[in-house]
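Peer 1: For reference, the chains in residue letters:
2 protein chains.
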Amino acid sequence: MGGKSQITVIRLGHRPGRDERMTTHVGLTARALGADEVIIANASQSCETVRDITDRFGGPFEVTETAEPLSIIEGWDGTIVHLTMYGLAIQDVEAEIRDHYQEGESLLVVVGAEKVPFDVYEAADYNVGVTNQPHSEVASLAVFLDRLFEGEELGQEWEDADRVVVPKETGKRVEKR
Amino acid sequence: MGGKSQITVIRLGHRPGRDERMTTHVGLTARALGADEVIIANASQSCETVRDITDRFGGPFEVTETAEPLSIIEGWDGTIVHLTMYGLAIQDVEAEIRDHYQEGESLLVVVGAEKVPFDVYEAADYNVGVTNQPHSEVASLAVFLDRLFEGEELGQEWEDADRVVVPKETGKRVEKR
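Sequence order for the protein chains is A and B.
Basically this note's numbering = 1-based index in the first sequence + 999.
Basically this note's numbering = 1-based index in the second sequence + 999.
Don't read these hints as lab results, they were simulated from the structure.
Bear in mind the structure is a predicted one, so any value in this text is a computation, not a measurement.
Keep in mind that the hints are not guaranteed to be accurate.
25 Å max Cα-Cα, derived BS3-like pairs, lysine-lysine [as the list claims (entries may be wrong)]:
#1 B:Lys1114 - A:Lys1175
#2 A:Lys1171 - B:Lys1114
#3 B:Lys1114 - A:Lys1114
Construct all of the structure, not just a fragment, from the sequences and the given hints.
Peer 2: See below:
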């Protein structure tokens, strides 16, 4: 978001053919709600969709594909947050995480898929639960980012957009730029 | 959430075979983040999954399947919020919507799928955008509920749970009840 430091979201691999659409939504949510980059494990179609949206609706936002998500996590220089229903309550740890961000540390937000390896829990500086209930990694990411940025991401300006949606009480209005 | 009034989330029909998993995540997010009920159009498998999670992790939470989502919307007695990237900014309208809720009006939150009929935009008291960017209906629902309840939903107690996840710094802890 051009903020104090870099926020990267990394989406671990999903079972082939099963969760590609969910992975796309993780990428689009990362972009829309203020992250600077998404790294996606083994999902070319999702990467393409998120890049296409960035081309049309603006950036800056980076999309990177990787075959080695665990190496990225293990080599990360900064703070690692792993979103998991088994983690500590977001409302208890968000202020501390925000401090790291505001002090200029690069933040890596790990979004799992099925069966997250135990190494990820250990590599994380914070295992964070948006409730301890089973729901959705997309929902958890959204609430996490909205709280991290305290809503500032909602007023974000986009650069190089081809089109801009103008808020409307009823109906749809899209302007070409 | 046993709050001041009833919050129902309704998920419009998705194209068969395409977004069933997304629909399940809408239902699970509604439950985890404080809604009282989800109504799902034509997706028996999603209904079953959300009911199964409610049986195991607790309630109260209602799951209803419908073949006629538009009739429910058009006959709704209360406030209707439609989440759409074309709508008014959530940060501008959330306080007003919260007032309706706190005054005891039943709230229907409409979550679209592909191609939402124009009737829905017209039936809604509020068309609300969680940003005007394309991302995810699951993300929008999550941010909407977290803001509506101002985070109170995160501390919700669950009744009749078979199992409870205990927040943990590293790893997983689930207790059977």
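Peer 1: Hint check: B:Lys1114 vs A:Lys1175, CA-CA at most 25 Å. Holds or violated?
Peer 2: 21 Å, holds
Peer 1: Would you check the hint for A:Lys1171 and B:Lys1114, treating anything up to 25 Å between C-alpha atoms as holding?
Peer 2: 12 Å, holds
Peer 1: Assess, step by step, whether the Cα of B:Lys1114 is no farther than 25 Å from the Cα of A:Lys1114, and give holds or violated.
Peer 2: Answer violated: B:Lys1114 to A:Lys1114 is near 34 Å, above 25 Å.
Checked against the numbered hints given earlier, this structure breaks only hint 3.
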